[in-house]
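Engineer: So the first sequence is numbered by numbering that gives the first Met the number 0: it starts at 0 and just counts up by one.
Worth flagging that the hints you see were computed from the coordinates, not collected in a lab. Honestly, I wouldn't trust all of these hints.
Here are the computed distance ranges between Cβ atoms for each label pair [what the hints assert, rightly or not]:
{"id": "1", "residue 1": "T173", "residue 2": "G573", "range": "49 to 59 Å"}
{"id": "2", "residue 1": "R738", "residue 2": "G92", "range": "47 to 57 Å"}
{"id": "3", "residue 1": "A174", "residue 2": "E205", "range": "20 to 30 Å"}
{"id": "4", "residue 1": "A787", "residue 2": "P856", "range": "17 to 27 Å"}
{"id": "5", "residue 1": "Q190", "residue 2": "V220", "range": "30 to 40 Å"}
{"id": "6", "residue 1": "A787", "residue 2": "D440", "range": "53 to 63 Å"}
{"id": "7", "residue 1": "L642", "residue 2": "R735", "range": "26 to 36 Å"}
Keeping only pairs whose Cα atoms sit at most 30 Å apart, straight-line, the calculated DSS-like set for lysine-lysine is [said to hold, decoys possible]:
{"id": "8", "residue 1": "K447", "residue 2": "K605"}
{"id": "9", "residue 1": "K31", "residue 2": "K768"}
{"id": "10", "residue 1": "K703", "residue 2": "K107"}
{"id": "11", "residue 1": "K739", "residue 2": "K772"}
{"id": "12", "residue 1": "K623", "residue 2": "K605"}
{"id": "13", "residue 1": "K447", "residue 2": "K437"}
{"id": "14", "residue 1": "K290", "residue 2": "K604"}
{"id": "15", "residue 1": "K400", "residue 2": "K290"}
{"id": "16", "residue 1": "K752", "residue 2": "K803"}
Cβ atoms here follow ideal geometry from the backbone N, Cα and C, with glycine treated the same way.
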Amino acid sequence: MEYNFTEIENKWRVYWKENKSYHVEIDTKKPKFYVLDMFPYPSGAGLHVGHPLGYIASDIFARYKRLDGFNVLHPMGFDSFGLPAEQYAIETGQHPTKTTEVNIARYKSQLDNIGFCFDWDREVRTSDPSYYKWTQHIFSLLFEAWYNPNSNKAEPITSLIEKFSTTGYQQISTADWNSFSQKQQQDTLMQYRLAYQAESYVNWCEALGTVLANDEVVNGVSERGNHPVVRRLMTQWFLRITNYAERLLDGLDALQYPESLKEMQRNWIGKSVGAEIQFAINNEELADENKTIRIFTTRPDTIFGVSFMVMAPELDLIDTITTAEQQQAIAEYKKYVSSRSEIERMADKKISGCFTGAYAMHPFTKQEIPIWISEYVLAGYGTGAIMAVPAGDERDYKFAKHFNIAIPNIFEGVDIAENTCTDKNVTLCISDFLNGLKAKDAIHAAIKKIEAETIGTAKTMYKFRDAGFSRQRYWGEPFPIIHTNDGIAKLVKELPVQLPHAETYSHGPNGKGPLANLTEWVQTADGLRETDTMPGYAGSSWYYLRYADPNNENEFASREATDYWNQVDVYIGGAEHAVGHLLYSRMWCKVLFDLGKISFDEPYKKIINQGMIGGSSRFVYRVKDSNHFVSFGLKDNYVTNALHVDVNICDNLELDIEKFKEWRAEYTTATFELEDGKYICGTAFEKMSKSKYNVVNPDDIITKYGADTFRMYEMFLGPIELSKPWDTKGIEGVHRFLRKFWRLFYTDNGELKITSDAATNEELKTLHKHIKKITWDMEHFSFNTSIAQFMIVTNELAAMNCTKKEILEAVLITLAPFAPHITEELFHAIGNTTSILDAQFPKCNESYLVENTFLYPIAINGKARTEMEFAFDASAEAVQAEVLKNEIVQKWLEGREVKKFIFVKGKMINVVG
RNA sequence: GCGCCUGUGGUGAAAUUGGUAGACAUACCAGACUUAGGAUCUGGCGCCGAGAGGCAUGGGGGUUCGAGUCCCUCCAGGCGCACCA
Numbered sequence: 000m001e002y003n004f005t006e007i008e009n010k011w012r013v014y015w016k017e018n019k020s021y022h023v024e025i026d027t028k029k030p031k032f033y034v035l036d037m038f039p040y041p042s043g044a045g046l047h048v049g050h051p052l053g054y055i056a057s058d059i060f061a062r063y064k065r066l067d068g069f070n071v072l073h074p075m076g077f078d079s080f081g082l083p084a085e086q087y088a089i090e091t092g093q094h095p096t097k098t099t100e101v102n103i104a105r106y107k108s109q110l111d112n113i114g115f116c117f118d119w120d121r122e123v124r125t126s127d128p129s130y131y132k133w134t135q136h137i138f139s140l141l142f143e144a145w146y147n148p149n150s151n152k153a154e155p156i157t158s159l160i161e162k163f164s165t166t167g168y169q170q171i172s173t174a175d176w177n178s179f180s181q182k183q184q185q186d187t188l189m190q191y192r193l194a195y196q197a198e199s200y201v202n203w204c205e206a207l208g209t210v211l212a213n214d215e216v217v218n219g220v221s222e223r224g225n226h227p228v229v230r231r232l233m234t235q236w237f238l239r240i241t242n243y244a245e246r247l248l249d250g251l252d253a254l255q256y257p258e259s260l261k262e263m264q265r266n267w268i269g270k271s272v273g274a275e276i277q278f279a280i281n282n283e284e285l286a287d288e289n290k291t292i293r294i295f296t297t298r299p300d301t302i303f304g305v306s307f308m309v310m311a312p313e314l315d316l317i318d319t320i321t322t323a324e325q326q327q328a329i330a331e332y333k334k335y336v337s338s339r340s341e342i343e344r345m346a347d348k349k350i351s352g353c354f355t356g357a358y359a360m361h362p363f364t365k366q367e368i369p370i371w372i373s374e375y376v377l378a379g380y381g382t383g384a385i386m387a388v389p390a391g392d393e394r395d396y397k398f399a400k401h402f403n404i405a406i407p408n409i410f411e412g413v414d415i416a417e418n419t420c421t422d423k424n425v426t427l428c429i430s431d432f433l434n435g436l437k438a439k440d441a442i443h444a445a446i447k448k449i450e451a452e453t454i455g456t457a458k459t460m461y462k463f464r465d466a467g468f469s470r471q472r473y474w475g476e477p478f479p480i481i482h483t484n485d486g487i488a489k490l491v492k493e494l495p496v497q498l499p500h501a502e503t504y505s506h507g508p509n510g511k512g513p514l515a516n517l518t519e520w521v522q523t524a525d526g527l528r529e530t531d532t533m534p535g536y537a538g539s540s541w542y543y544l545r546y547a548d549p550n551n552e553n554e555f556a557s558r559e560a561t562d563y564w565n566q567v568d569v570y571i572g573g574a575e576h577a578v579g580h581l582l583y584s585r586m587w588c589k590v591l592f593d594l595g596k597i598s599f600d601e602p603y604k605k606i607i608n609q610g611m612i613g614g615s616s617r618f619v620y621r622v623k624d625s626n627h628f629v630s631f632g633l634k635d636n637y638v639t640n641a642l643h644v645d646v647n648i649c650d651n652l653e654l655d656i657e658k659f660k661e662w663r664a665e666y667t668t669a670t671f672e673l674e675d676g677k678y679i680c681g682t683a684f685e686k687m688s689k690s691k692y693n694v695v696n697p698d699d700i701i702t703k704y705g706a707d708t709f710r711m712y713e714m715f716l717g718p719i720e721l722s723k724p725w726d727t728k729g730i731e732g733v734h735r736f737l738r739k740f741w742r743l744f745y746t747d748n749g750e751l752k753i754t755s756d757a758a759t760n761e762e763l764k765t766l767h768k769h770i771k772k773i774t775w776d777m778e779h780f781s782f783n784t785s786i787a788q789f790m791i792v793t794n795e796l797a798a799m800n801c802t803k804k805e806i807l808e809a810v811l812i813t814l815a816p817f818a819p820h821i822t823e824e825l826f827h828a829i830g831n832t833t834s835i836l837d838a839q840f841p842k843c844n845e846s847y848l849v850e851n852t853f854l855y856p857i858a859i860n861g862k863a864r865t866e867m868e869f870a871f872d873a874s875a876e877a878v879q880a881e882v883l884k885n886e887i888v889q890k891w892l893e894g895r896e897v898k899k900f901i902f903v904k905g906k907m908i909n910v911v912g
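Construct all of the structure, not just a fragment, from the sequences and the given hints.
Structural biologist: Following this line, the structure appears as structure tokens:
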């Protein structure tokens, strides 16, 4: 009987579905294991072969854990709010609710085709009101919480109100608080809430008609669509994620994330430790006003090297301090700066600046220091002003050279005529109380002195900003917020706030989103509804919690469920979410933990980033101004244009000419010049996309080879974290393997050849070697080498003509996570009546692997020359005597004396002569 | 510019603690079976060399009895950050 994968796979798909084989419930008798995939955005294009790579790996791992005795949670859902659905709606007039529905159905059928063990009873969709009700609920918790720096955690806002009204807090005394109007009190609280509204410069994208978070802007253009992004002052919602900077940073150490991912997060948070120092402004007119410039520096040790100050051109203080003579020049420079877009500033880093005419006073030497403004100092970082130390900072150095400002050398014995010096191991000079200290030691000494003299304080700065949480779009979660007539933002208690139906999705007035057009919805008895919607990362920041208890109507998830399923043990997904999604969901987790809603403060214990599968594009070469195509090897003889051709009409590199002629009407009359009777295409590794005609649909592969082959081939391509092009060549090898595996069980005539005879020692050894290898690979996510091992064990058992049930059944179970359909079929064929899903993963019995002898490679002077077999317990002396007698050893020693004899038991022998 | 990662046959790759480099596939070559082969099976397959043997893990250097693996340095490719004071 031939291996009929289509029949087998259809049969078991139905069986698993009807028997709810993948349904899981809390079972306190079993240890739990939570394997999660980053859920997909259900786009209209459906899945291509690149998408399932991570899903296959997690599916294999989840199945393995189940066989290994764990109660495994392995859910799937859809991140179904977002821009593309809305843009598709604008283009086609179809409502996003409808298209989302259709796309999800398509995704689910494609995923089921591959044979994933998702518990669909736990499916979540972020755009479903029963889900976003709880996204809004968690937003409400964030709104009703503040970060208490003393307890170092989030607390209900009521604890802050209590502080204000009993003891006062920070700049606000009890008396102040009590004298505030309701509006003033609410405005004050808004400055502490974890979800807050504020006016701020945001990334505004005109083309998309919305603001974007920092991680959604790349090099001054939108990540999605590459549209220009400008800074714009707008009232927006934000999450106070910066309060969690230190904990987000600290938490990384204990997590099993790829090092590169941790590095990206650290980079994004951008912690720098230093001091904030005040410089008095040495200006008679301002003397009474007590004005100072506050600067941030990581190098307070270089304070005696300051020769000028620089402020960001956007700072208000500039207008106050600029002298009459410099007014004109400063105004012109500011105009120049504001004329430059973000992109221009980044592309063209020429040195520019302008002197304000004002001077600051050095806090120690009391010398006058000129104050400049320049675009190289950013308003958004630190205090927006710096003390410039050209001797110790590259940018300051270039600026000083350019404008001919003094470069005092504060480093003993260092030549700074040509270059700045950033080495912290040099000794300081002309630095008063810091003289003789190494720079790295002087940092601490300088801060101590600065604090003692009350001219500044030690300070830690973070690069990242609070996360923008508003989008001026339709297809997202509405905020549960109503703005009362006296301008107070109030939570809506009744959730969900349903996303109202809209027929059109054009912008509202004044940069507002489409919801602003729905006046009936906006106007309520209590005031006006918030018309922004939440960003894409809102729903994905907590979905892993909802899977634990997806149908709960009273809570986002019961405590019992989140306590049991707990943290995600393994989270698999792309590295592109390293700083966005992962940081946000880590923050939400910490907030929920602080507020006592869940029992852990990190969502994901371990993360694996699967590589991207790119497309392997195919090209044909058309001779210029003709319909004549020449094969790849001949193209250099002509002037040709390379044209993308659909990979699906090529057999590897060879073009199927008939299909090509049918592909496009213009090619029906095409003529060809072949090499060896074939038309060979050119290739390139590119992103898989429709426009490059290199998209391969998993459904097609599955029709041709079956899901089991597809799953195994994706794993066989290489290590899971590596990016690689999809190339269908090679899939035959994996398919051949499955057919060969089938023939271990069945004769060519379709007779089962399994026997219940006892296995030989040799067979047992082969089996247990196999179990050991597979187990190791599983625990290390080394699935490509597992496939190799399956091929090895199959080849070995076939060579032995092994038909023992004892052996084959165990191998079958080890293969089940990879190839669930064929193994389920064979498991039943050999007499089992229960599903292989509930079998037990075999354990390696080391006693079968014990060897009495070892075949040692014998090296002479490090080069392997021969092999000799010795008993494991042979003494070193006996081995040495025997080895030295050996003819080949004698020959290679060429009569030299043995200087050294290296004997590594069970490994190798090296004779040095 | 800075940080992280990766460089191994024609191709995808393996080598788990420093111990026989190239497992397992694919491509290719030769052969068997066959009406047929795009089924199946057998053998070959890093490079040079007739052979003995020599040379080989991006280049160069080092540590070691022994290096793909550790250290230094340079080169190439990928990813991230990029006026962050």
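Engineer: Does each hint fit the structure? Answer for all of them.
Structural biologist: Checked hints:
In this structure, T173 and G573 meet the distance hint of 49 to 59 Å, their C-beta atoms being roughly 51 Å apart. Restraint check, R738 to G92: a C-beta distance of roughly 50 Å satisfies the suggested window 47 to 57 Å. Look at A174 against E205: about 47 Å separates their beta carbons, and that is not inside 20 to 30 Å. The hinted window of 17 to 27 Å between A787 and P856 holds, with their beta carbons roughly 22 Å apart.
At about 32 Å, the beta-carbon gap between Q190 and V220 stays in the expected band of 30 to 40 Å. With their beta carbons about 55 Å apart, A787 and D440 fall inside the hinted range of 53 to 63 Å. At about 34 Å, the beta-carbon gap between L642 and R735 stays in the expected band of 26 to 36 Å. At roughly 41 Å between alpha-carbon atoms, K447 and K605 are farther apart than 30 Å, so this suggested pair is violated.
The hinted pair formed by K31 and K768 meets the criterion: a straight-line CA distance of about 28 Å does not exceed 30 Å. For the hint linking K703 to K107, the alpha-carbon distance of about 20 Å falls within 30 Å, and the restraint holds. A hinted pair counts as satisfied when its Cα atoms are at most 30 Å apart, and K739 with K772 qualifies at roughly 20 Å. A threshold of 30 Å between alpha carbons decides the hint, and for K623 with K605 the separation of about 54 Å lies outside it, so the pair is violated.
Note on K447 and K437: the hinted pairing holds, with a Cα-Cα distance of about 16 Å set against a maximum of 30 Å. A threshold of 30 Å between alpha carbons decides the hint, and for K290 with K604 the separation of about 50 Å lies outside it, so the pair is violated. Restraint check for K400 and K290: the C-alpha separation of about 29 Å stays at or below 30 Å, so the hint holds. Among the hinted pairs, K752 with K803 is consistent with the structure: their alpha-carbon atoms are about 9 Å apart, no more than 30 Å.
Against the hints set out earlier in the document, violations occur for numbers 3, 8, 12 and 14.
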